[in-house]
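Chains as they are written, first to last, in this note's numbering: chain A, 1 to 228; chain B, 1001 to 1321.
Worth flagging that the hints you see were computed from the coordinates, not collected in a lab.
Treat the numbers as computed from the prediction; the structure is a model and nothing was measured.
Be careful, since some hints might not be right.
Unchecked claim - Selected chain B positions facing chain A (Cβ under 8 angstroms, derived; list incomplete): (1) 1083; (2) 1085; (3) 1086; (4) 1100; (5) 1117; (6) 1149; (7) 1152; (8) 1176; (9) 1207; (10) 1228; (11) 1230.
Virtual Cβ for every residue (Gly too), placed ideally from N, Cα, C.
The residues making up each chain are set out below.
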Amino acid sequence: MAVVDLPFREGYVSSIIYVSLYVSVIAVTLSTLFSLPIAVVMGFSDFPGKQFVKSVINTGMGFPSVVVGLLVLFTVSNQGPLGDLELIFTKEAMIMSQFVLATPPITAISLAAISGVDENVRDAAHVLGGTRLDVALVVLKESRYGIATAVLAGFGRAISEVGSVLIVGGNITSARGISKTRTLTTAIQLEARQGQYETAMILGAVLVTLVLTVNAIVVRLGDQGVQR
Amino acid sequence: MPIQRREFIAAIGTGALATTAGCAQSGESSGQTEAETEMESGGGGQPGVAGETLTLTTTTSTYDTGLLDEIHPDFEDMYGVSVDAVAQGTGAALESARNGDSDIVMVHARGLEDEFMRNGYGVNRRDLMFNDFVIVGPEDDPAGIQGMGSATEALTTIAESEAQFVSRGDNSGTHTKELNLWEAAGTEPGGDWYQETGTGMGEALNVANQQGAYTLSDRGTYISQRSEIDLVILVQGPIEDGPEILANPYGIMAVNPGVHDNANYDLAMAYIGWITSPGTQDAIANYQVNGEQLFFPEAVSENPDFQQYVPEGWSSDSSDE
């Protein structure tokens, strides 16, 4: 019960933090690379069914992570279409499910940010002889805070999510207590399952601290970008 | 400003590169690349399986008690491999194996194991170890089942007095046992007093603890969690002279390489050989939590026990396939 005497072995907590960050950062990076072009294209064009696509993306924001986990499981399971790659119970499978989870919020919030850029800015960029690409870059620069929010929202969803990474990752550590596919969230789930609520709370505090730190870093980077 | 943009692109590029590198590594036979690194670090005398990974799907009771973490380093050192233990509950563990997502299963529900073997998914089953189930409940024992010599009588009494009962409800080995007990008792559980949690044993114990309810638990998980909860053992299992129906035997099976050719059959058999060996069986017997032995080895025996290799009741004379 004593909070001082933690039952964590050496390297255990740092290894689950590493796995959490590794999986979420890569998933969010890939997701951003995928989402931003879509948001830009949608923000700069009108086409029939645009509202429908938007509502599909918005629906995706509320997609339950366990369902995503099951879909990814069916995909990477030995019997699934990607079965030959043997991705089940690996970090790569976890990245896949978090990519699916992070993409809708990143796309939707980026799109809102890009759409929110004043028409005058676009017109000015056009008038000043900018190509379509230049105009797009100007708009992206103007909406960078919104896009940063989008990325952070995606990151927040990815790193705090437990359902899908548990299913596709398997919550594995080595027998010596070094995480292979155990994240902070699945470690918390494991502690709670065993009734170790104190240690679960401590890991929860680590997770919150981690998310706060990442947010602070991103905000700081954004501010520095303005000063230049 | 252009500098900033370039930095951004460079950063993204690096990220993408790192990702593809990671994917490529695991995509193309990770066994080989890992084996090479292992060979370099481990020196010359490593066996040919060195660097491979054995995926073991098992139940929460073997994992959460800490048994596997205690004994696995010995196997990993012996063969230079790593064991990925995935704690899922018996039903899910067998399902993963059925899908070819694990190489070996360690579970505790003979009926489900037999079905798994009959369907051709599992081969070379061995009896591994046992402990027992106990019926635990609040100390004031509202239904009055303390000391009953019959588990089915105890369950019937709980049902008749409509005292709170927490069921795992998750198709695990313990849940299967509980359903078998209700059936043997001739009582259909249901009603407000009967709750299915759909969680692991530890969580079910927590729920029962908070609600002052009865539940069926394997002795190992109960002992490892006893210091956190107020529930007490009211009906003992066979280890403490309780009824034989509460026995909790664990079995181990390799996934049939004839069904799933990606199964790491060699290593699975090495694992079965290792875990049923006298040395590891001793290690299992010596494993204690809170000063109590959790598992009793049963693989090493002077006398033949042919039933461990085949579904219960199977005989070569019968019309069974």
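Against the structure, the hints come out as follows:
no.: 1; hint: 1083; result: 7 angstroms, holds
no.: 2; hint: 1085; result: 7 angstroms, holds
no.: 3; hint: 1086; result: 4 angstroms, holds
no.: 4; hint: 1100; result: 3 angstroms, holds
no.: 5; hint: 1117; result: 19 angstroms, violated
no.: 6; hint: 1149; result: 29 angstroms, violated
no.: 7; hint: 1152; result: 28 angstroms, violated
no.: 8; hint: 1176; result: 19 angstroms, violated
no.: 9; hint: 1207; result: 10 angstroms, violated
no.: 10; hint: 1228; result: 4 angstroms, holds
no.: 11; hint: 1230; result: 11 angstroms, violated
When the structure is compared with the earlier hints, violations turn up for hints 5, 6, 7, 8, 9 and 11 and for no others.
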